[in-house]
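So the sequence lines, in the order shown, correspond to chains A and B.
Per the numbering used here, numbering through the first sequence is continuous, rising by one, with the last residue being 1040.
Per the numbering used here, numbering through the second sequence is continuous, rising by one, with the last residue being 495.
To be clear, the hints were calculated from the coordinates, so they are not data collected in a lab.
Some clues are possibly wrong.
[Said to hold, decoys possible] Below 30 Å or equal to it, Euclidean Cα-Cα: the simulated DSBU-like pairs (lysine-lysine) are:
(1) A:Lys129 / A:Lys1039
(2) A:Lys129 / A:Lys250
(3) A:Lys877 / A:Lys129
(4) A:Lys463 / A:Lys116
(5) A:Lys857 / B:Lys160
(6) A:Lys877 / A:Lys115
(7) A:Lys374 / A:Lys287
(8) B:Lys163 / A:Lys465
(9) A:Lys116 / A:Lys762
(10) A:Lys857 / A:Lys247
(11) A:Lys857 / B:Lys31
(12) B:Lys31 / A:Lys624
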Amino acid sequence: MIQKLKKLLLLICVFSAHTIYAQTTTVSGTITDSSNSMPLPGVNVVEKGTMNGAITDFDGNYTIQISDKNAVLQFSFIGYLDNETTVSGQTVINVALEESSEALDEIVITALGIKKSTKAVGYSLTQVKGEEISNVKTTNAINSLQGKIAGVNITTNATGAAGSSRVVIRGASSLSGNNQPLYVVDGIPIGNNNNGAAGEWGGNDGGDGISSINPDEVASISVLKGGAASALYGSRASGGVILITTKTGKNQKGLGVEFSSSVTFDKVNTSLNEYQTEYGQGKFGLKPVSGADAAAIGLNAWGPRLDGTSVPQWDGVSRPYSYAGNNQENFYNTGITKINTIALSSSTDTSSFRFAVSNLDNDDITPNASLGRKTISLNAGTVVADKLTANVNVKYIIEEANNRPRLSDAPGNANYMTQLLSPNVSVSSMNPGMNEDGSEQQVLSGNPYITNPYWAANKFKNKDKKNRIIASGSLRYDVNDWLYVSARAGLDHYNIRRTSLTPYGTAFSALGGITENNISYTQIDADLIIGADKDITDKISVNALVGTNTNHVQNEDIGLSGQQFIVPTLADFGNTTNQSGSRGFGEREISSIYGSFEVSYDDYLYLTYTGRNDWFSTLSFPGKETPNDDFYTSLSGSLIVSELIELPEAINFFKLRAGYSNVAGGAQDPYQLGLTYQIVGQGHLGQPLGNITNTSVPNQNLVAFNKSEVEIGLDARLFDNRLALDLAYYKNETTNDIVPVAASVFSGYSSAIANIGVVENKGFEFLISAKPIVTDDFSWNTSFNGSYNTGTVISTNESDGDISVGQPRSLNIAVTQIVGEDYGTLFGTAYARDDSGAIIYDRSSGVPIAQQAASRKILGTGVAPLTLGFSNSFKYKDFNMSFLIDGKFGGQVFSGTNAAARGAGLHQDTNPNGGRENGLVVSGTDTSGSSFTTTVSQADMETYFAPVGIYGIAEASVYDSDYIKFRQLSIGYSLPSKYLDKTALSSVNISFIATNLFYLMTTAPNIDPEAGFNVGNGQGLEWFGVPPTRNYGFNLNIKF
Amino acid sequence: MRKSIYMVLLLALILGACDSDFEEMNVDPTKPEQVDIANKLTITQLYTSGSRYEVWRNMLIYNATMVQHLASTDTDLWVGDKYLRNDGYASSQIDRDYANAVKTIEDMLLQVEQEGQPAEMEAIVRILRVFVFHRLTDLYGDIPYSEAGQAIISNNLAPKYDKQEDIYADMLNELEVSAAALGSGMSGFGSADIMFNGDQTKWKKFANSLMLRLALRISNVDPAGAEQWAVKAINGGVMTSNEDIALINMQTGPVELNQSAFGQVFLVDDVSLSTTLVDALSGDPRLPILGARASDESSAIADLQGFPNGLDATMLANSTGEEDMLNYAHPNRMLVGLDAPTVLQTYAEVELLLAEAALKGWVSGSVEQHYNAGVTAAMKMYETLYGSAAAVADADVATFLANNPYNAANGMEQISTQHWLATFFNEYETYSNWRRTGYPVLTPVNYPGNVTNGTIPRRMTYSTSEQSNNVANYNDAIASQGADVMTTRIWWDVN
């Protein structure tokens, strides 16, 4: 095609050889993309050595007056290789530019969707293609990025498929505020509220916002890690920004159809479980003598060695006193997740669209838990009039989750009993969990709060249905070739209708109850931007913009609660004795003006300055003296050393970058500034009830917190771009952090809100990627990324007191912010020790009882500082294989499950070498100060372990949470094009995918080291979550 | 043309950044800025009646089993029966009272001052305050009192612990001053007062009766002071009949706040009567009213048996052969309805305190007369509280007194034992009085893992959060009172 064009041009040139040249010559032509012949607007055409230039219009046409008929015209455009053509007397020069596939001129999407060349970016930004999350799909799209991006720490909580994720970039910067990043989808921020979370008293995770995004529709994800990257987003981006761009129909000739289908199976992974399986249910070395005895003994495996004899169990039935199999495998099902997407796209010269429909169906491993999600999305763009383009994105999502599993505390939590049953008691004997009269068949006579697992899974119901629309529209008017005006407005609106049922006949709530909630959330975001992109001289060019933004969020929660059903079989609000209702409401707005100014010199030096001023409604209050606005700036620069000086041949590209920024944050919740009262419920005996609502002392003079950051980095490509190296070092400090300063329980309030927290994070990120082998048939790409972050609490309040941000039900340990220590320190009860470090025991009863230290101690840090990811992909002809291994190091976890297992006689610690019959040798110091060594007999072991059971000394159950996991595997095959040429298909890919296959190393016993029970700031606590799963399946992708 | 375009753009830019209605937006539209003080009184009284959380953990699980009214073989939940440790349960009263009752009381006192309410309303709030605090100090010893609940009022997030001796001195003074400020007729609170319906006379009797209770409490550690205050109380006028009982009526709903704490506990849990109690009630007409067999609610005397404290299921099976809880007596269901009233102080208790005052020679008057009046009131009051099904016939009262007459030789033991019986289900008071008098004599239990060396605990432990949130004051309290363990003696507990 190009050859033909060149021949034509030559002919024209020959014919026009007789034309007389004037002093100035007009040259014109059309510039196209060599891969698809589409015209390219915005291409720079410059007469080399002069200031004379032009830009191609919408049709790719240009016209330029040149003075010298032998001038050289330079054609350049971001993302394409530069072209130089000598005029040689021609008047029409058409050029087809080749897309630059090399990283030297990669485009990345930065703040506000502005596309920049990698060269111009003065801060750390990682961009991944959509395939990274659509190849191996998970039900929450963001989880597929785990281990792939340095500095981005993703954790999920142990709640099965419908759960939320916690994403923290470069360490948590606020002591108690929201540390998750801002998610921007196609230019508009979306709500990522966690609609319900489990706390120390239990509950279930209500899902988050980012899980609504369909991984098949994601074209690319840009992670803006530091302040310099995200400063243009203002106060909501103090935790970084994740920019998601969905696929459009551009560059699709004719009608394109894409179909993806994946099926994965989830099986509970019990390989981590090493509980003892030799001793059965009982206490003090004795078996239960009757059904009632067994029901009273409950979750205690302190009986004698399993001997196969017939022994009564909780329901009065006698069964063999032998190992009944792994109860997790007995109870949990094989989960299935099916994700199907079909997309149509097309484009013409002036418009393009992509329409996609997707369905996700998940049956979770917990019986009766499921998730369904349907998404319809449309991306359309068109030229409306001369110089005016419009884009519209709409996504409509319908999501229904059934029976999200409960976590943490026992009531209604099927995981609890399943994980604590004695080795001879099978959970299957508890199915279906109902007595003849339909009430809960209680397994333990002493504690009605520990629910029969089948009753919990089958009868407890919670259901939420979410209808969500994320839509945005934008208009762009190109005033002339260097000035534009664009306006964008976006909406994220969802409505959740939730029902939660405690069934009639539940042991701890005989008459049951039901709650109904209707939650609505609306976020409206609008921007108006004026931008300019102009070459001032032939070496200096300026790219600037000025804009204004309004962001308004409103949410409302209307709830009904009915307790004590009247007619047992009707689970409806109207059928209850005690009814009450409530309405919660929140509204906040942020108004801003902002600007960005980038100047570049000769394509090797770039400097960008941004400034933004936000006005917050959440910091406004009648009579407030401190300001309700904040101004922040950033300055970043990049220097392409490889274009400035001569470097060794091995180095193709070497860039140094540095940035400084300050951002504000916090102040996201309204109504925090004033003291408010409430009228409570329907009164008592006809009298209204009123009291103060605040449990935290409000602060009328609150201001936003400030986070300043310095970062430096380098980006190098070596050996013909076969080796790429990206290093970054950053240090940031948050001051005036809005913290609830812990108040003594005696003050009547749990905390007071103040602006005095200071947190510092510093760290190092690296990404090394290489293509060690590239041949025609075989290629191998490898990349190794990692980050090391230490977050330190510099100050909390005037007396530098501690702030607790989360604790488990046992209340014996809390994730606490302590001055001078790591962010998120685990602070809890510890062993009393003598000066040599030996544990002090009280031996007065004959059994050594470990003593608890008088004050709590620092037992570890809840967030691992070092994360590493190692991924490899191989391609051999039409086959491909890739795998990802990741690990986290240096953190600790408090495991409630391990503590309970120890008190219950299940933990492997309770079965010493040689068995319990030979006793357990214990050494320590007794309360009088003398050392001792003694052997604890089998009958006394239960008493010995009681102090380190479920409510006991926390130190005994704090473990290192280091792990290395084989996280993802994908083996695929693409049908060779020769088979497809005769069909309408343009590509067919099929792959086998697997996640979480096995651990190469893990230090915490019996549990998934990544398990937590919520996604808040209190990380490092584990308490009876859904066990980890292995997932395998297939993925098929067909393009027409 | 160009200029006007730029003007429009500039204007758009500025308009986009306006914040004019932000101040109104940040005020919660669903909440008022102040409420009527009467509404606060009602909710404080509801808080005082107790919620399931702390009544279950402190009153029932710990106090009731330690004084051997109730017994349980469960070792997970009912830790008090065997003196096992559970920090969260022990501190539950603090964890709830300060955030609810104390905070609202301090807010009311502020509002009384700001709004210039009449003196008798302030007096009522102060009497209620003494009631709330005396229970707390009797459970824990030294506690924050003068600086408590004032985080918003005086920005004090770390109140100091006051010595119990000082707290008692102040409480007694408060009662005296408040009683003096009360007149007759209805108070400004009106029917918002769900304890006495605004009746100032009844409040005065309650204030003096409470003064009498506190006076006897300190009788071992400060006999002279105790006598002084007891005489003041008696002269001021104490309760004279079961109609004066200080109680709070509850409702069956709509939410837990309206319901009796006992009712909520016994909806989900159950416990048995201790054999100590059942044996003490032998020949006493109250036995079938307080207890019933768990399996069929039979209240025939022959069907009512308790079991000893300090046993687990296996030990009970081995000792009595009967380990099915259903065959033992549990608290009678009449006492545990969701709308059963919560009793703060009874006339029976007052008569028994008067008997003790007479025994100590502080007042003239017949010890026997007061003793008999106390026992009679204690037996008759169940009808007042729970209805006619709980009535004890006058004849039965007379028979009992005839068979078990007052004997001056063991006067203190008899009076205290009757006090112990009369305060069933007002376990805080049972526990305090038992510690002071030592009667009835209880045999402690010694179960493996107990934290008191086989002795009955003498106090509850503070919230463990104090070790991080109020370290300096917490340490001062320990230095002054003793280690924060269940065996430490509080100031008045010198018996």
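Here is how each hint holds up against the structure:
Note on Lys129 (chain A) and Lys1039 (chain A): the hinted pairing holds, with a Cα-Cα distance of about 18 Å set against a maximum of 30 Å. Distance restraint check for Lys129 (chain A) and Lys250 (chain A): the Cα-Cα separation of roughly 16 Å lies within the 30 Å cut-off, and the hinted pair is therefore satisfied. Simply put, Lys877 (chain A) and Lys129 (chain A) have alpha-carbon atoms about 22 Å apart, close enough for the 30 Å limit, and the pair holds. This hinted pair does not check out: Lys463 (chain A) and Lys116 (chain A) have alpha carbons roughly 44 Å apart, beyond 30 Å.
Between the alpha carbons of Lys857 (chain A) and Lys160 (chain B) the distance comes to roughly 23 Å, so the proposed pair stays at or under 30 Å and holds. For the hint linking Lys877 (chain A) to Lys115 (chain A), the alpha-carbon distance of about 34 Å lies beyond 30 Å, and the restraint is violated. With a CA separation close to 53 Å, the supplied pair Lys374 (chain A) and Lys287 (chain A) exceeds the 30 Å bound. Between Lys163 (chain B) and Lys465 (chain A) the alpha-carbon distance is near 56 Å, which puts this suggested pair outside the 30 Å criterion.
Proximity of Lys116 (chain A) to Lys762 (chain A) is assessed by CA-CA distance (about 27 Å); at most 30 Å being required, the pair is judged to hold. A hinted pair counts as satisfied when its Cα atoms are at most 30 Å apart, and Lys857 (chain A) with Lys247 (chain A) does not qualify at roughly 52 Å. Taking the CA atoms of Lys857 (chain A) and Lys31 (chain B), the gap is near 41 Å; set against the 30 Å cutoff, the hint is violated. With a CA separation close to 20 Å, the supplied pair Lys31 (chain B) and Lys624 (chain A) stays within the 30 Å bound.
Taken one by one, the earlier hints fail for this structure at numbers 4, 6, 7, 8, 10 and 11, listed in ascending order.
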